[in-house]
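*Asks:* Going line by line, the protein sequences match chains V and P.
Just so we're on the same page, my numbering is the position in the first sequence counted from 1, plus 50.
Just so we're on the same page, my numbering is the position in the second sequence counted from 1, plus 11.
Hints were generated in silico from the structure; no laboratory data involved.
Among the clues, some could well be false.
Claimed, not checked - The list that follows gives simulated cross-link-like pairs (lysine to any residue, SDA-like), each with its CA atoms no further than 25 Å apart: (1) P/Lys-216 <-> P/Leu-268; (2) V/Lys-104 <-> P/Ala-78; (3) P/Lys-216 <-> P/Ser-195; (4) V/Lys-104 <-> P/Phe-94; (5) V/Lys-104 <-> P/Thr-84; (6) V/Lys-104 <-> P/Arg-169; (7) P/Lys-19 <-> V/Gly-115; (8) P/Lys-19 <-> V/Ala-76; (9) V/Lys-104 <-> P/Glu-112; (10) P/Lys-19 <-> V/Val-107.
Said to hold, decoys possible - Listing some non-contacts, in silico: residues in chain P with all C-beta distances to chain V over 10 Å: (11) Ser-23; (12) Cys-44; (13) Gly-52; (14) Gly-108; (15) Glu-112; (16) Gly-145; (17) Asp-210; (18) Glu-245; (19) Gln-286; (20) Asp-307.
Claimed, not checked - Computed list of chain V residues with no C-beta within reach of chain P, every gap over 12 Å: (21) Asp-64; (22) Val-65; (23) Gln-68; (24) Ala-74; (25) Glu-83; (26) Pro-86; (27) Ala-99.
We put the beta carbon where it would ideally sit given N, CA and C, even for glycine.
Take a look at the letters that make up each chain.
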Amino acid sequence: MALQIINAGPNPADVSEQIRRAIAQALPAAAIEVRPGGPGHFEIEVTDAAFAGKPRVRQQQLVYGAIAHLMSGPNAPVHAVDRLDCRLP
Amino acid sequence: MNLDESVKQEISDLIGSHDVVLFMKGDRSQPQCGFSATVVGILDAILPEYRTVDVLSAPHIRDGIKAFSSWPTIPQLYVRGEFLGGCDIVQEMYGTGELFEALGVERVEAVRPRIDLTPAALRALTAAAAEHGGAGRELHLSVDAQFQSHLSIAPRSRADVEAISEGLVLLLDPISAARADGISIDVSDTPNGQAFRVDNPNAPKVRQMSVRELSQRLGAGERIELLDVRTPEERAIAAIPGAVLLNESEAARIESLPRDTKLVLHCHHGGRSQQAAEQFVALGFSQVWNVVGGIDAWSQEIDPDVPRY
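So here's chain V without its partners, still in its complex pose:
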């Protein structure tokens, strides 16, 4: 019988895709790149015209707001976003 690994974290590639989809839902025109880092850590790059004229904190709020459900609660798949770059196309 194969040993079952209990408590293995979610597959980082799956979580990256969840992050990408959640951002795409909020910012449909955005180009989104998600790179997994350490366990639960991710780097995100979003390029969208919707960021135009907004200060950095407001741009980041748009992204963080979109992925809040992935970052809340004790079993959140995303523990930390190590880097969040919001760019204009």
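Start from chain V and add chain P according to the hints.
*Replies:* The following block gives chain P in isolation, referenced to the frame of chain V:
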């Protein structure tokens, strides 16, 4: 994420309760995480008064504020009802000066600290920078809230302050810069190789208090925590009125107090209490005294009714 209406209202009320409201872990006198401590350090340096909300003591606010602000981390700074940002943004705005404008206070230039290097330290730091630096990575010095110094090699941040000593450039974040003025760095040989030795004149130290001064302060009703670090057996022989035995539960109580609480420690002659006092300074307490001569001096100079042993 759905935010309960009552929680939303509570958060709105908190944000409206003061011009500057910081949602943080711990409180202003005792931050419970490094990021919160950094923001408190910056605000303390430029604002006489602001309000803090400890999210650790209110889990519904801790979760609620993240949804409210669309911001996943604590601390969060609100200024006149507007979300300003978290630790990184506040630090950056402090470095660029934008924070002063946002808070409506006059701009204070970050101090450029004076740093002394011994020739050996200069050689060692220059070698370290040459070996590990380059490609935009430079020597950094940071001084934490306990005044412990840390050297590292990292990319330059916009907020960094430059200190130039003997032609060597050291970068410091603005809070570290304020804590580092007058610092001296040397290198010494240890069994594990060379180690940097940093002497920081700004670091809080254990101060010395005579029994006469202690008696006056107690007589004046000053709020101090007078701690007896002797054994219960010694305490049964003689004790200074008002002193509390520093046992485990008492130590736990003291550790939960604000870091600017006045702590006065005594033992039999002043040796053990000096060591204990140094430990409280290491924990971040800024007002710590050792009673010179201990209870023996008290018996001789203040109260002969306290037996000597």
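*Asks:* Evaluate each hint against the coordinates.
*Replies:* How the hints compare with the structure:
1. As the CA atoms of P/Lys-216 and P/Leu-268 are separated by approximately 18 Å, the hinted pair is consistent with the 25 Å bound.
2. Distance hint between V/Lys-104 and P/Ala-78 is fulfilled; the C-alpha atoms sit about 20 Å from each other, no more than 25 Å.
3. For a cut-off of 25 Å, the pair hint linking P/Lys-216 to P/Ser-195 stands: about 16 Å separates their Cα positions.
4. Proposed proximity of V/Lys-104 and P/Phe-94 is supported: the alpha carbons are some 13 Å apart, at most 25 Å.
5. A distance of roughly 20 Å separates the Cα atoms of V/Lys-104 and P/Thr-84; the hinted pair therefore holds under the 25 Å criterion.
6. Pair hint V/Lys-104 plus P/Arg-169 holds up; C-alpha atoms about 20 Å apart against a cutoff of 25 Å.
7. Straight-line distance between C-alpha atoms of P/Lys-19 and V/Gly-115 comes to about 16 Å, which keeps the hinted pair within the 25 Å bound.
8. Only pairs whose Cα atoms come within 25 Å are accepted, and P/Lys-19 paired with V/Ala-76 is accepted, the gap being roughly 22 Å.
9. For the suggested pair V/Lys-104 and P/Glu-112, the alpha carbons sit about 18 Å apart, so the restraint of at most 25 Å is met.
10. The hinted pair formed by P/Lys-19 and V/Val-107 meets the criterion: a straight-line CA distance of about 21 Å does not exceed 25 Å.
11. In this structure P/Ser-23 is separated from chain V by more than 10 Å, as the shortest Cβ-Cβ distance comes to about 17 Å.
12. Chain V leaves P/Cys-44 outside its interface by the beta-carbon criterion, the shortest separation being 13 Å against a cut-off of 10 Å.
13. With a closest Cβ-Cβ approach of about 20 Å to chain V, P/Gly-52 is found to remain outside the 10 Å limit, as its non-interface label requires.
14. Under the 10 Å C-beta cut-off, the non-interface status given to P/Gly-108 relative to chain V holds; the minimum distance is some 15 Å.
15. Residue placement check: P/Glu-112 keeps its beta carbon more than 10 Å from all beta carbons of chain V (closest about 13 Å).
16. For P/Gly-145, the shortest C-beta to C-beta distance to chain V comes to about 22 Å, beyond the 10 Å cut-off, and the non-interface label holds.
17. With 10 Å as the threshold on Cβ separation, the claim that P/Asp-210 sits away from chain V holds: the shortest Cβ distance comes to roughly 35 Å.
18. Taking the minimum C-beta to C-beta distance to chain V, about 48 Å, the non-interface status of P/Glu-245 holds against the 10 Å cut.
19. Chain V leaves P/Gln-286 outside its interface by the beta-carbon criterion, the shortest separation being 39 Å against a cut-off of 10 Å.
20. Separation of P/Asp-307 from chain V is adequate, the least Cβ-Cβ distance of about 54 Å exceeding the 10 Å criterion.
21. Against the 12 Å criterion, V/Asp-64 stays outside the reach of chain P, whose nearest CB is about 19 Å from its own CB.
22. Every Cβ of chain P is farther than 12 Å from the Cβ of V/Val-65; the closest lies at roughly 14 Å, confirming the non-interface assignment.
23. Consistency note on V/Gln-68: stated as away from chain P, and its beta-carbon is indeed over 12 Å from all of that chain's, at 15 Å minimum.
24. Non-interface status of V/Ala-74 relative to chain P is upheld: no Cβ of that chain comes within 12 Å, the nearest being about 17 Å off.
25. For V/Glu-83, the condition that its CB be more than 12 Å from all CB atoms of chain P holds, with the nearest at approximately 19 Å.
26. With a cut of 12 Å on Cβ distances, V/Pro-86 stays outside the contact zone with chain P, its closest approach being about 17 Å.
27. No Cβ of chain P comes within 12 Å of the Cβ of V/Ala-99; the nearest lies about 19 Å off, and the non-interface call holds.
This entry satisfies every hint, going by the numbered hints stated previously.
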